[in-house]
Amino acid sequence: MPPATEEDLMARLIELDIQTVTHRHAAVFTVEESRALRGDLPGGHCKTLFLRDKKRNPWLVVALEDRVIDLKALTKAIGAKRLSFGSVELLWEVLGVSPGAVTPFALINGGGAPVKVVLDKGMLDLDPLNYHPLHNEATTAIAPEDLVRFVRAMGFEPLIIDFEALV
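1 is the number of the first residue of the sequence shown in our numbering; add one for each residue after it.
Just so you know, not all the hints are guaranteed correct.
Claimed, not checked - The list that follows gives simulated cross-link-like pairs (lysine-lysine, DSSO-like), each with its CA atoms no further than 27 Å apart: (1) K54 - K121; (2) K55 - K72; (3) K121 - K47; (4) K116 - K76; (5) K116 - K72; (6) K76 - K54; (7) K116 - K47; (8) K81 - K121; (9) K47 - K81; (10) K76 - K121; (11) K76 - K55; (12) K116 - K55; (13) K81 - K54; (14) K116 - K81; (15) K47 - K76; (16) K121 - K72; (17) K47 - K72; (18) K54 - K116; (19) K54 - K72; (20) K81 - K55.
Claimed, not checked - Computed spacing ranges between beta-carbons, pair by pair: (21) M1 - E32: 13 to 23 Å; (22) D8 - K54: 31 to 41 Å; (23) V88 - P114: 14 to 24 Å.
Hint data in this document are derived by calculation from the structure and do not stem from the laboratory. None of these values were measured; they are calculated from a predicted model. For every residue, glycine included, the Cβ atom is placed at its ideal position computed from N, Cα and C.
Model the full assembly from the supplied sequences, consistent with the hints where possible.
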């Protein structure tokens with residue numbers, strides 16, 4: 001089955017009665033590029049990391065864009081074994097997105113995959129939260145409680161971690 005498109009994602013969000021607003025922009029690949037293009041876009045701006053543990057189990061870590069993520073401290077906090085960045089191939093296989101477009105919305109493609117989801121507790125205090133809608137040429141704003149509801153509706157129970165306590 002091919003990965004979901006932005007249109008598929010929006011249809012699923014509507015089915016879940018989740019309101020979002022999407023802003024179009026040039027493709028961005030880094031936090032720095034995103035900062036330069038977004039202007040006054042309100043809310044929490046986030047980054048999403050696709051990681052794997054020693055046993056190749058995939059992890060999706062979603063945090064505020066300026067959050068320093070110490071992989072050793074995170075590994076200990078979530079009870080994983082040696083986290084590292086997942087390969088492009090594993091990312092595509094598990095979540096159906098390319099680097100630069102990693103997003104919690106990609107969980108729409110993760111049905112049946114053993115992805116473990118980690119959310120930054122501090123991120124959930126901001127409203128709205130901003131993520132790519134399965135590609136990096138737009139940003140979609142969503143309320144934090146709706147993000148958690150979406151993650152759960154896709155079949156994943158997120159671990160909510162206080163990243164500030166990991167420093």
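Checked hints:
1. K54 - K121: holds (25 Å)
2. K55 - K72: holds (16 Å)
3. K121 - K47: holds (14 Å)
4. K116 - K76: holds (15 Å)
5. K116 - K72: holds (17 Å)
6. K76 - K54: holds (13 Å)
7. K116 - K47: holds (16 Å)
8. K81 - K121: holds (22 Å)
9. K47 - K81: Measuring from Cα to Cα gives roughly 22 Å; hence the hint holds.
10. K76 - K121: Holds - the C-alpha atoms of K121 and K76 are around 17 Å apart, at most 27 Å.
11. K76 - K55: holds (15 Å)
12. K116 - K55: Roughly 13 Å separates the two Cα atoms, so the pair holds.
13. K81 - K54: holds (5 Å)
14. K116 - K81: holds (13 Å)
15. K47 - K76: It holds: about 21 Å lies between the C-alpha atoms, which stays within 27 Å.
16. K121 - K72: holds (18 Å)
17. K47 - K72: Distance of about 18 Å is within 27 Å: holds.
18. K54 - K116: Holds, at about 14 Å.
19. K54 - K72: holds (13 Å)
20. K81 - K55: With Cα atoms ~8 Å apart, K81 and K55 stay inside 27 Å; holds.
21. M1 - E32: 13 to 23 Å: Between M1 and E32, where Cβ atoms are some 35 Å apart, the hint is violated.
22. D8 - K54: 31 to 41 Å: Since D8 and K54 have Cβ atoms about 33 Å apart, the given range 31 to 41 Å holds.
23. V88 - P114: 14 to 24 Å: Given about 19 Å between the Cβ atoms, the range holds.
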